Structures are given as C-alpha cells and as structure tokens.
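J.: What follows is the residue order along each chain.
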Amino acid sequence: MRNIKTIFLREIRAYFNSPMAYIFLVIFAIINGYFFTNTFFLINQSDLRILFGIIPIVYLFFIPAVSMGLIAGEQNTGTIEIITTLPITNSEFVIGKFLAAFTLILLGLAATVVHFITLVYVGTNVDYGAIFSGYFGLALIGAAYASIGTFTSSITENQVVAFILGVFVVLVFYLMDKMLLFVPSGLSGFIQYLSVEYHLSNISRGVIDSRNLIYFASVVGFFLFLTVQSIEVRKWR
Amino acid sequence: MTDLSKNFGSLEAVKSIDFEINDGEIVGFLGVNGAGKTTTLRMITGFLVPTGGTVYVDDLNILDHAYEIQKQIGYLAELNPLYSEMSVYDFLEFIADIRKIRGKQFKEALARVVEQCGLKGVVHRTISNCSKGFRQRIGLASTMIHDPDILILDEPVTGLDPNQIVEIRGLIKELGKEKLVLMSSHILQEIQVTVDRIIIIHEGEIVADGTNEELMSNFMGNVHLTMEVKDATIDSVSNIESAIPSVKFLNSEPKNGHQILHLEYSREDDPREELFKFAVDSKWIILSMNPHTANLEDIFRSLTVTGGANA
Ligand SMILES: Nc1ncnc2c1ncn2[C@@H]1O[C@H](COP(=O)(O)OP(=O)(O)O)[C@@H](O)[C@H]1O
Ligand SMILES: [Mg+2]
Numbered sequence: 001m002r003n004i005k006t007i008f009l010r011e012i013r014a015y016f017n018s019p020m021a022y023i024f025l026v027i028f029a030i031i032n033g034y035f036f037t038n039t040f041f042l043i044n045q046s047d048l049r050i051l052f053g054i055i056p057i058v059y060l061f062f063i064p065a066v067s068m069g070l071i072a073g074e075q076n077t078g079t080i081e082i083i084t085t086l087p088i089t090n091s092e093f094v095i096g097k098f099l100a101a102f103t104l105i106l107l108g109l110a111a112t113v114v115h116f117i118t119l120v121y122v123g124t125n126v127d128y129g130a131i132f133s134g135y136f137g138l139a140l141i142g143a144a145y146a147s148i149g150t151f152t153s154s155i156t157e158n159q160v161v162a163f164i165l166g167v168f169v170v171l172v173f174y175l176m177d178k179m180l181l182f183v184p185s186g187l188s189g190f191i192q193y194l195s196v197e198y199h200l201s202n203i204s205r206g207v208i209d210s211r212n213l214i215y216f217a218s219v220v221g222f223f224l225f226l227t228v229q230s231i232e233v234r235k236w237r
Numbered sequence: 001m002t003d004l005s006k007n008f009g010s011l012e013a014v015k016s017i018d019f020e021i022n023d024g025e026i027v028g029f030l031g032v033n034g035a036g037k038t039t040t041l042r043m044i045t046g047f048l049v050p051t052g053g054t055v056y057v058d059d060l061n062i063l064d065h066a067y068e069i070q071k072q073i074g075y076l077a078e079l080n081p082l083y084s085e086m087s088v089y090d091f092l093e094f095i096a097d098i099r100k101i102r103g104k105q106f107k108e109a110l111a112r113v114v115e116q117c118g119l120k121g122v123v124h125r126t127i128s129n130c131s132k133g134f135r136q137r138i139g140l141a142s143t144m145i146h147d148p149d150i151l152i153l154d155e156p157v158t159g160l161d162p163n164q165i166v167e168i169r170g171l172i173k174e175l176g177k178e179k180l181v182l183m184s185s186h187i188l189q190e191i192q193v194t195v196d197r198i199i200i201i202h203e204g205e206i207v208a209d210g211t212n213e214e215l216m217s218n219f220m221g222n223v224h225l226t227m228e229v230k231d232a233t234i235d236s237v238s239n240i241e242s243a244i245p246s247v248k249f250l251n252s253e254p255k256n257g258h259q260i261l262h263l264e265y266s267r268e269d270d271p272r273e274e275l276f277k278f279a280v281d282s283k284w285i286i287l288s289m290n291p292h293t294a295n296l297e298d299i300f301r302s303l304t305v306t307g308g309a310n311a
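Protein chains in written order, with this note's numbering: chain A, 1 to 237; chain B, 1 to 311.
Chain A on its own, in the form it takes in the complex (with noise of 0.2 angstroms):
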C-alpha cells in the first residue's frame, strides 16, 4: 500500500513539475467549454446531457496523452531499471501509476463543474441527481480508459505508439455498440456488454446497476493485469 502511495505521488509531482499537467487540463476544459456553451445556450437545456456527450469523446485523446508516458517513459530513459531492481512489487507500481493518470482525469472532471455551478444560475428545475449519476459515469470510463493507457504505455518505450495503440484501443470499447450490426447477433449481447456506451448509459440514466460497475472494475482490472504482465515478460526475454 506504501509503495503505491510512494509511486503515486512521484508521479503526481512529476506531471506537476512539467507543463504537462498543466496543458492537459486546460486544454481539456477548452475544448468541453468550447462545445458545452456552444450548444448550451441554442438549446437551452437545463442539465449537462450535452456536456457528457462530448466528455467520453474528449476523453478519446486525452486519456491516452495523460497516460502515454506512464510508463513508456521509464522504459524509455532506462529508470525502469530502478523501479525493477528495488523491492517493490510490478502490480505496486502499476497501480500508483495508474492513480495517478486516474487523479488528472479526475482533476479534468472537476474543472467542468463550472458549467454545473453556471447551470445551477441560469437553468430551472436541475435535476441534481442525473448529474451526479453523469459525473460517476464519466469517472468510471475515465477509469477504465486510464487502465488501457497504462497498459498500451507497458509495451513500448516510445510515446508516441503508447499514445497511437491508446487512442486505437479505447475506440474499439467505444464503438463497440455501433458494431453491433456486424457481428451475428449470437455474439451481440456479449458485444454489447463489453461496450463501454452501453453501461454508460444506464448510469447517466441514474440506474447505479451492480453488473455496470462490475464491468467497469474488471476492465480496470485486466488492462492492469495485462500491464503487469507486459512488464513482468520484459525480464524474459
């Protein structure tokens, strides 16, 4: 647990000590903003269903730039050397870094609560809890895609493909349901279930189901699982 803290504040502070942090977020806020009272305003809704919508495909890019250098970077400048030669486990380490990819995301998140607090002013009859339930929605893909950033950052020191494979990667979850017309129809509830647009949805509808939570945690859980071994097959070669 320690140790996870430990990697998780390096990391934390390390994002902080470079632009990156910084760039990310406000570029993340931009372009939500950009959108967000673009349309807010023409449609003149009162709840923030625009606003999720454009956040998971913001998230598209984001996620996977916040996460590209996780670990690519170590493997990149040799540090990975350290970390594998100290005592600490490969699933301490993915997970603190994971966190921390996980903590920008969040941060990001937060930074859209302006548009809530706006709302809050201008619009009528806020519905409080389809809010709620949008921002633990959007939470838990941002986990999820978090989790595949990590992953995809594992299997290469350079930044760049950990950011392509990324991007590549969460458009699969995300399209999946839109596939669903490809695949025969044995497989589409299997399909269906894997997309992550289908358990999004029935949280932004306020329904908080067990099963949509279990999903979320075990996509978390094996992109992680996989990251850990990515790194555990590098002192097999």
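What the hints contain is simulated information worked out from the structure, not anything from laboratory work.
These numbers were taken from a predicted model, which means no experiment stands behind them.
Just so you know, not all the hints are guaranteed correct.
[Stated by the list, open to error] Straight-line C-alpha distance at most 30 angstroms; calculated DSSO-like pairs for lysine-lysine:
hint: 1; chain 1: B; residue 1: K104; chain 2: B; residue 2: K173
hint: 2; chain 1: A; residue 1: K5; chain 2: B; residue 2: K173
hint: 3; chain 1: A; residue 1: K235; chain 2: B; residue 2: K277
hint: 4; chain 1: A; residue 1: K235; chain 2: B; residue 2: K100
hint: 5; chain 1: B; residue 1: K277; chain 2: B; residue 2: K248
hint: 6; chain 1: B; residue 1: K107; chain 2: B; residue 2: K173
hint: 7; chain 1: B; residue 1: K104; chain 2: B; residue 2: K120
hint: 8; chain 1: B; residue 1: K100; chain 2: B; residue 2: K173
hint: 9; chain 1: B; residue 1: K173; chain 2: B; residue 2: K248
hint: 10; chain 1: B; residue 1: K100; chain 2: B; residue 2: K132
hint: 11; chain 1: A; residue 1: K5; chain 2: B; residue 2: K107
hint: 12; chain 1: B; residue 1: K173; chain 2: B; residue 2: K132
hint: 13; chain 1: B; residue 1: K71; chain 2: B; residue 2: K132
hint: 14; chain 1: A; residue 1: K5; chain 2: B; residue 2: K71
hint: 15; chain 1: B; residue 1: K71; chain 2: B; residue 2: K173
hint: 16; chain 1: B; residue 1: K132; chain 2: A; residue 2: K235
hint: 17; chain 1: A; residue 1: K235; chain 2: B; residue 2: K283
hint: 18; chain 1: A; residue 1: K5; chain 2: B; residue 2: K120
hint: 19; chain 1: B; residue 1: K120; chain 2: B; residue 2: K173
hint: 20; chain 1: A; residue 1: K235; chain 2: B; residue 2: K15
hint: 21; chain 1: B; residue 1: K100; chain 2: B; residue 2: K15
hint: 22; chain 1: B; residue 1: K71; chain 2: B; residue 2: K177
hint: 23; chain 1: B; residue 1: K104; chain 2: A; residue 2: K5
hint: 24; chain 1: B; residue 1: K177; chain 2: B; residue 2: K132
hint: 25; chain 1: B; residue 1: K179; chain 2: B; residue 2: K100
hint: 26; chain 1: B; residue 1: K283; chain 2: B; residue 2: K230
The hints should help you fit chain B with the ligands onto chain A, whose structure is shown.
T.: Chain B with the ligands in isolation, oriented as in the chain A frame:
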C-alpha cells in the same frame, strides 16, 4: 551463483558462469564491451531472469526470493538512469521511501550519503542540472541510502574524469571494508587498484578469477627472455634445452649478423646465470638479455582477444 546463463533469442550472452563472492570482498568484473557483464549483473539484481541456472544470495534463490534479495542489494545500473526532473533530495527520498526508510531515519541516511558521496551543495538542485560526475554520485548515493550489505555497480567510473575516478575509487574502497562490492569495468586500470579480486569474463564465459597476484602467477608464471647473441652455431643453440632443463627454447631469428633467441622460463627458477655460463662455454658473445614479464594488462588482452579464451 551456479551455472548462470542468459540467451537473447539465439545469442548466448552469458554461458553457464559460476562464481562465489563473500562478505567484505571487493570484486572487479572485467571484460570487453559485450562480454556479458551487464547481463550477469542484471540477473543478480532481478532485472532479467536467467535462461538457465540461478543466483543465490545467502542461500536465497533469486527466482523465488527476488524481493528479499533486492532489499539487501544496492544496484547502480550501467547508464545510471535517474529521474532527471526531480531534485536530488526528492529522488533520494523516493528511493528511501520504497526502502522503508522514512522520517528521522531518512534524515540520518541522507546525511550519511551526502557526506560519503560528496553531495553537499547539490541536495536541492534538480538532477537534470547536475554534471555527469554529480549524477554518478547521486546514483551511487541512491544505491547506498539503505546501507546495503551488497553493492553491485555496473561501470561506476566509466566516463568520469581522472579526478572523479580517484574519488569514487576511494569511496568504493572504503565501502568495501564492510560490504560485498561487485563492480564491473571494461578497463583494467579503472578497477585494478580498487578491487581485491578480479573475475574476467569473455564472450559470456569466465576466463580468469583470482586476486591480482593469483592472476599474475597463474598466467605469468613464464618469463619471456629475448637474448641477442653473436657467434651462436645452430648446434649449440639446439643443445640449450638439454643443457639447462628449466629453459624452453621458442625460436631464433637472425638480425644484422647476430641471432635473436626467444626463450621462456618459469619465474620460480631463474636460469639466467646458467644461461650466461652456457653461452661462455659455447663461445657466444652476449649482446643483450631482456626478460619481459607480462603485466596484468597483457593477460587481460590475451584472454579477451576474440577466440582467444583459452590462450
Ligand atoms: N536486451 C538485449 N537484447 C538482445 N541482446 C542483448 C541485450 N542486452 C545485451 N545483449 C547482448 O548480449 C551481449 C552481452 O551484453 P552485455 O551484458 O551488455 O555486455 P557488457 O556489459 O559486458 O558490455 C552483447 O552481445 C549484447 O549485444
Ligand atoms: Mg555493460
């Protein structure tokens, strides 16, 4: 370690090597670039898993007890990777934290390594702003922060200037009084004066192992003698071995009407007096006599010419 080996695909980087090191020994691991030093050290420290064989540290097997072994080892990797965006203080605190050295204990450990590695004045500097020499000391400090029993240093002085080498050498020598130190190098002079024992590795195999003196006597038991003589007949030259059994005749070559004789003898019984008498009896005129003992450098060179592992 026993029968340690490592293949990278079809390349056998390390072929079944065996050695044992004891507490308080400073051992130099010597070999040309690509000999397999880094690969071996990486297997000892758990960065690479051996293809065959294993490493034991106090009866603990690295395959099953990497975690326990890593607690006892301080390892300086070859290229001395560091988190360059961190300050020296933060970096050492990070390493110490993973090694469970915190609070007051950390302050003490920090003071100790700052003193030992000469880091005063750079503690709060960002690592990327430190010179190569300082970076090496920072790396060394991070390997010593938990006061380990075993230090594994991969080319710790390579790339430093001569003054820095002298300083780091002194530090290693000091540390080696109570710790086991295994340091690698591809330059004999870098480690010869620091270490108690040298293990020479060549193409993944150990070709020599012993103290300076042991290596010298094992490999330089023979002295090469070059003699320049006048008036030596073929007959008398061919008699030399039977007349003086301790001398081995290698060959002779003519030079300006003289003969150059190449002879070899064992260091223990120096036959030069007898040779002199023999020459007088055979009516040779001795112009010069040059015994040449190979130095450690010659041995290293002869052991590590490609294909010369058994030379
Ligand atoms: N990760 C690796 N993949 C493939 N070959 C490697 C790898 N690391 C080292 N080698 C090869 O193994 C041999 C030994 O290398 P190394 O242990 O680094 O030697 P040294 O440290 O003595 O210079 C070299 O031929 C090197 O090219
Ligand atoms: Mg090397």
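J.: Check the structure against each numbered hint from earlier and tell me which ones fail, lowest number first.
T.: 2, 3, 9, 17, 21
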